[in-house]
Amino acid sequence: MVTQLPDPIKIVRRAGDVRIHTFISAFTADNIANATHIIESRNKLVLVDGQFLVPYALQFREYANSIGKKIDRIYLSHRHPDHWFGLGAAFGDIPIYALPETIEFLKQHGEDSLNDHWKLGNLAPKSLIIPERTVRAGEEIIDGVKYLFDEVVDTEIDFLLTIGLPDVGVFIAQDLIYSGTHLYLTKYMEHWIGILQGMLLSDYDLFLPGHGFPADKNEVAKNIEYLSVALEAAGNGRTNDAFKHFLLERFPERKCPGIFDIYIPRLFDNASEF
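Mapping the sequence shown onto UniProt numbering, position 221 (from 1) lands on 221, and the numbers just tick up by one.
No false leads were mixed into what you were given.
With a cut-off of at most 25 Å between alpha-carbon atoms, the simulated BS3-like pairs for lysine-lysine come out as follows:
id	residue 1	residue 2
1	Lys146	Lys69
2	Lys10	Lys69
3	Lys146	Lys44
4	Lys217	Lys146
5	Lys70	Lys10
6	Lys44	Lys69
7	Lys222	Lys244
8	Lys187	Lys255
9	Lys44	Lys10
10	Lys217	Lys187
11	Lys119	Lys244
12	Lys244	Lys255
13	Lys255	Lys222
14	Lys10	Lys222
15	Lys10	Lys255
16	Lys119	Lys255
17	Lys187	Lys244
18	Lys146	Lys70
19	Lys255	Lys217
20	Lys222	Lys187
21	Lys217	Lys10
22	Lys107	Lys126
23	Lys107	Lys119
24	Lys70	Lys44
Don't read these hints as lab results, they were simulated from the structure. Quick caveat: nothing in here was measured; it's all calculated off a predicted structure.
Construct the complete structure from the given sequences, taking the supplied hints into account.
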């Protein structure tokens, strides 16, 4: 029997000549509100990321199918399993694009990551899908829409694919931004702040996160504040539970506190991510 989970949140908004669909798994203490997206143009759909847990991945695919247009491709933003696990459950028939570093990581470590998450039971996929198409920094026109691809290094993850839609003011940031939730922190916080500061100066006005609701520049600024506070706390010697409780008290409005237990051992023990 498939485990019952809270219903996902679905948001649709028009941006210029495209419609942007955001599909968010539930905001709970343990769930981290994974956000996946669909760019709907005149004839095609382009998807970003595949959800984490199998039920949400299947619902995301069902939702995409319900739009009634061809799914042209899916882009995988990075190697963290909460973004690629669902590919094996629901998107094995769709061309999947990723950065070469992400593809190589999945070839080398994807099966180990699946095995490490055995406690998820039927919430985890049974198989690994490795993207076969490479995306690199540059520009491409897909179904009349201009896409700008970039590779961002050393932020929430070592290699992250971002996607800009400059003609409609949309920037698909994925895990550069956590919208309304606690952030997954890494040793790259200072550099990450610099990247976000650059986004504040951009011409984009809608930012699609990897966790939480679509955001504006106010949320980008709030992420900068969060990272700055966390960086100072770590610099002052707060670690582990003291660090966690400090951020919980400093940012009580942010959801999904379960993320602390995922990243804190890696942040302070120098263990490898995922």
